[in-house]
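Colleague: Heads up: the sequence lines are chains R and A, in that order. Per this note's numbering, the very first residue in the first sequence carries number -13; after that it's consecutive. Per this note's numbering, the very first residue in the second sequence carries number -13; after that it's consecutive.
Just so you know, the hints here were simulated from the structure itself, not pulled from any lab data. A hint or two may mislead.
Stated by the list, open to error - Calculated pairs, DMTMM-like style, for lysine to aspartate or glutamate (alpha carbon to alpha carbon, straight line, at most 20 Å):
1. A/K108 x A/E162
2. R/K197 x R/E162
3. R/K128 x R/E89
4. R/K128 x A/D93
5. A/K11 x R/D216
6. R/K11 x A/E46
7. R/K113 x R/E102
8. R/K128 x R/D93
9. R/K181 x A/D93
10. A/K128 x R/D93
11. A/K197 x A/D224
12. A/K113 x A/E29
13. A/K108 x A/E158
14. R/K128 x R/E179
15. R/K96 x A/D87
16. A/K11 x R/D43
17. R/K128 x A/E89
18. R/K11 x R/D216
19. R/K181 x R/E157
20. A/K96 x R/E89
21. A/K197 x A/D235
22. A/K96 x R/D87
23. R/K113 x R/E29
24. A/K128 x A/D93
25. A/K96 x R/E162
26. R/K96 x A/E89
27. R/K96 x A/D93
28. A/K11 x A/D216
29. A/K96 x A/E158
30. R/K108 x R/E157
31. A/K108 x A/E89
32. A/K181 x R/D93
33. R/K11 x A/D43
34. R/K128 x R/D87
35. A/K108 x A/D87
36. A/K181 x A/E157
37. A/K128 x R/E89
38. R/K197 x R/E158
2 protein chains.
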Amino acid sequence: MRITFLGTGDAGGVPCHGCDCTACKSARAVADYRRRPCCALIESGTTRILIDAGLTDLTERFPPGSLTAIVLTHFHPDHVQGLFHLRWGVGASIPVFGPPDSEGCADLYKNHGLLEFHRLAKFESMKLGDIRIIPLPLIHSKVTFGYAIEDCHGARFAYMTDTVGLPPRTEEFLMEWGPHGLAIDCSHPPQTEPKNHNDWILALGLIDRVKPRRAWLTHISHTLDAWLLDTSPPLALDIHVARDNVVIDVGTQEA
Amino acid sequence: MRITFLGTGDAGGVPCHGCDCTACKSARAVADYRRRPCCALIESGTTRILIDAGLTDLTERFPPGSLTAIVLTHFHPDHVQGLFHLRWGVGASIPVFGPPDSEGCADLYKNHGLLEFHRLAKFESMKLGDIRIIPLPLIHSKVTFGYAIEDCHGARFAYMTDTVGLPPRTEEFLMEWGPHGLAIDCSHPPQTEPKNHNDWILALGLIDRVKPRRAWLTHISHTLDAWLLDTSPPLALDIHVARDNVVIDVGTQEA
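Throw the hints in and build the complete structure from the sequences for me.
Modeller: As structure tokens, then:
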């Protein structure tokens, strides 16, 4: 299974408008250091699933027919705002799966255009082409799902954002399931009371308990990037800070 | 007064995702034919007002301090979606004026970040730097204001979108006020029952009655662009189809 981190930033992104911290200055100077809205493309065989739709150029990136489905973690604008434009396209409808959020975001449900919204249920697995996804409840300010994602070759990848900690049943599921790869919300440097998002300590603690083969920190704010540049904290070899456009392969063959 | 049409498209834009009509094919081949979300920059002296915020790259286009204010016609996503990102900037707050819409769009009011929302009242004039704006009610699917805009040299420009026709009091106001320039919603080619937006016939009828010195059609769909390419309908010399990035000067000296 191939994963492309198309976006690894928090809602403000990096660089953050008006900010002159080390991270924002670097990102203005070097395009590779920029972070766009958090999302990922999952590919296996001919199946292509976009997790979250906050990139505002989806109509340019994905020609008609190029996505099997879009799967949403939740309906905050930085995770769905690309749909506002995409919906007005013409041609075949695009299936969009997400958590059971009766509000959605703005008028997306009412004026859905070519998007076909479907609600998922927690822990109920769903097959999309060659890929099976299992929605796992997260802890956030809006109803939010992480996803356990498995392809027909047995490659297992978990995508867990946005969240602060994990509900016990979700954490137990992941520990039993044993992902080859895990992407986890790590929005902030160590904080006294993390809210809505993991800080560095919560994220590393979760990785330590779930024990994926490899892990990627994502949904990263400019304050975390600046803290990383300032302090260079040690990280185990199999834990990475994700970057936009990084492509990884996870699966059984890598063992 | 200087007006820059930063965007002249309807919600789907041109090219429209998945469409192969003449207009969409041209816009894919030639960047000048593209139409982004409808908005305009109004400048007089050191005052810079952005009318509508649907462009998704506002953080790149407008460095901190470069806008006196943002003025919204209404809270549909294609007119406000750029605020979802801009709000998370750091530094001085940005005043955002709009119609009294208790809903707004998504969580913009709740999580306003550095945006400072203010509600305008119909026909109540408001001074923003060197520019005075008067909100004029329009007819749309959400509470919507057009704006009569006047600078300290007496230049008068009216920006009227999104609307289908005009309420009588708004039309009377414009006829008495006598704008030097008028930008008017003209989303569609002639239709039997225009809904939410002007078609070609309604827009030209309004221009004929309001009698601005010059007029620009805006909020243009790919179907109108294709119809224009196919039929080349005659247009009076002082009526123009707006294009993205076109800059115009209106004022008393042009008489």
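Colleague: Compare the structure with each hint and give your call.
Modeller: How the hints compare with the structure:
Restraint check: the Cα-Cα separation between A/K108 and A/E162 comes to about 17 Å, which is no more than 20 Å; the hinted pair holds. A distance of roughly 10 Å separates the Cα atoms of R/K197 and R/E162; the hinted pair therefore holds under the 20 Å criterion. Note on R/K128 and R/E89: the hinted pairing holds, with a Cα-Cα distance of about 10 Å set against a maximum of 20 Å. In summary, the hint linking R/K128 to A/D93 is supported, as the alpha carbons are separated by about 11 Å, within the 20 Å threshold.
For a cut-off of 20 Å, the pair hint linking A/K11 to R/D216 is broken: about 49 Å separates their Cα positions. A hinted pair counts as satisfied when its Cα atoms are at most 20 Å apart, and R/K11 with A/E46 qualifies at roughly 14 Å. The suggested pairing of R/K113 with R/E102 holds, with an alpha-carbon distance near 16 Å, which does not exceed 20 Å. As the CA atoms of R/K128 and R/D93 are separated by approximately 17 Å, the hinted pair is consistent with the 20 Å bound.
Between the alpha carbons of R/K181 and A/D93 the distance comes to roughly 18 Å, so the proposed pair stays at or under 20 Å and holds. The hinted pair formed by A/K128 and R/D93 meets the criterion: a straight-line CA distance of about 11 Å does not exceed 20 Å. The hinted pair formed by A/K197 and A/D224 meets the criterion: a straight-line CA distance of about 10 Å does not exceed 20 Å. This hinted pair checks out: A/K113 and A/E29 have alpha carbons roughly 14 Å apart, not beyond 20 Å.
At roughly 14 Å between alpha-carbon atoms, A/K108 and A/E158 fall within 20 Å of each other, so this suggested pair holds. For the suggested pair R/K128 and R/E179, the alpha carbons sit about 19 Å apart, so the restraint of at most 20 Å is met. The hinted pair formed by R/K96 and A/D87 meets the criterion: a straight-line CA distance of about 18 Å does not exceed 20 Å. For the hint pairing A/K11 with R/D43, the CA-to-CA distance comes to about 18 Å; that is within 20 Å, so the pair holds.
Pair hint R/K128 plus A/E89 holds up; C-alpha atoms about 18 Å apart against a cutoff of 20 Å. Distance restraint check for R/K11 and R/D216: the Cα-Cα separation of roughly 13 Å lies within the 20 Å cut-off, and the hinted pair is therefore satisfied. A threshold of 20 Å between alpha carbons decides the hint, and for R/K181 with R/E157 the separation of about 18 Å falls inside it, so the pair holds. At roughly 15 Å between alpha-carbon atoms, A/K96 and R/E89 fall within 20 Å of each other, so this suggested pair holds.
Of the supplied pair hints, the one linking A/K197 and A/D235 holds, its CA atoms being roughly 18 Å apart against a limit of 20 Å. A distance of roughly 18 Å separates the Cα atoms of A/K96 and R/D87; the hinted pair therefore holds under the 20 Å criterion. Distance check on the hinted pair: R/K113 and R/E29 sit about 14 Å apart at the alpha-carbon level, within 20 Å; holds. In summary, the hint linking A/K128 to A/D93 is supported, as the alpha carbons are separated by about 17 Å, within the 20 Å threshold.
Between the alpha carbons of A/K96 and R/E162 the distance comes to roughly 39 Å, so the proposed pair goes past 20 Å and is violated. Taking the CA atoms of R/K96 and A/E89, the gap is near 15 Å; set against the 20 Å cutoff, the hint holds. With a CA separation close to 17 Å, the supplied pair R/K96 and A/D93 stays within the 20 Å bound. Of the supplied pair hints, the one linking A/K11 and A/D216 holds, its CA atoms being roughly 13 Å apart against a limit of 20 Å.
Proximity of A/K96 to A/E158 is assessed by CA-CA distance (about 37 Å); at most 20 Å being required, the pair is judged violated. At most 20 Å may separate the alpha-carbon atoms for a hinted pair to count; R/K108 and R/E157 meet this at roughly 13 Å. For the given pair, A/K108 sits about 18 Å from A/E89 by alpha-carbon distance, which is consistent with the 20 Å threshold. Proposed proximity of A/K181 and R/D93 is supported: the alpha carbons are some 18 Å apart, at most 20 Å.
Distance hint between R/K11 and A/D43 is fulfilled; the C-alpha atoms sit about 18 Å from each other, no more than 20 Å. Of the pairs offered as hints, the one joining R/K128 and R/D87 holds, with about 8 Å between alpha carbons and a cut-off of 20 Å not exceeded. The hinted pair formed by A/K108 and A/D87 meets the criterion: a straight-line CA distance of about 12 Å does not exceed 20 Å. About 18 Å separates the Cα atoms of A/K181 and A/E157, which keeps this hinted pair within 20 Å; it holds.
Taking the CA atoms of A/K128 and R/E89, the gap is about 18 Å. The hint holds against a cut of 20 Å. Annotation: proposed proximity of R/K197 to R/E158 holds, straight-line Cα distance about 12 Å (limit 20 Å).
Hint check: violations occur at hints 5, 25 and 29; the rest are consistent with the structure.
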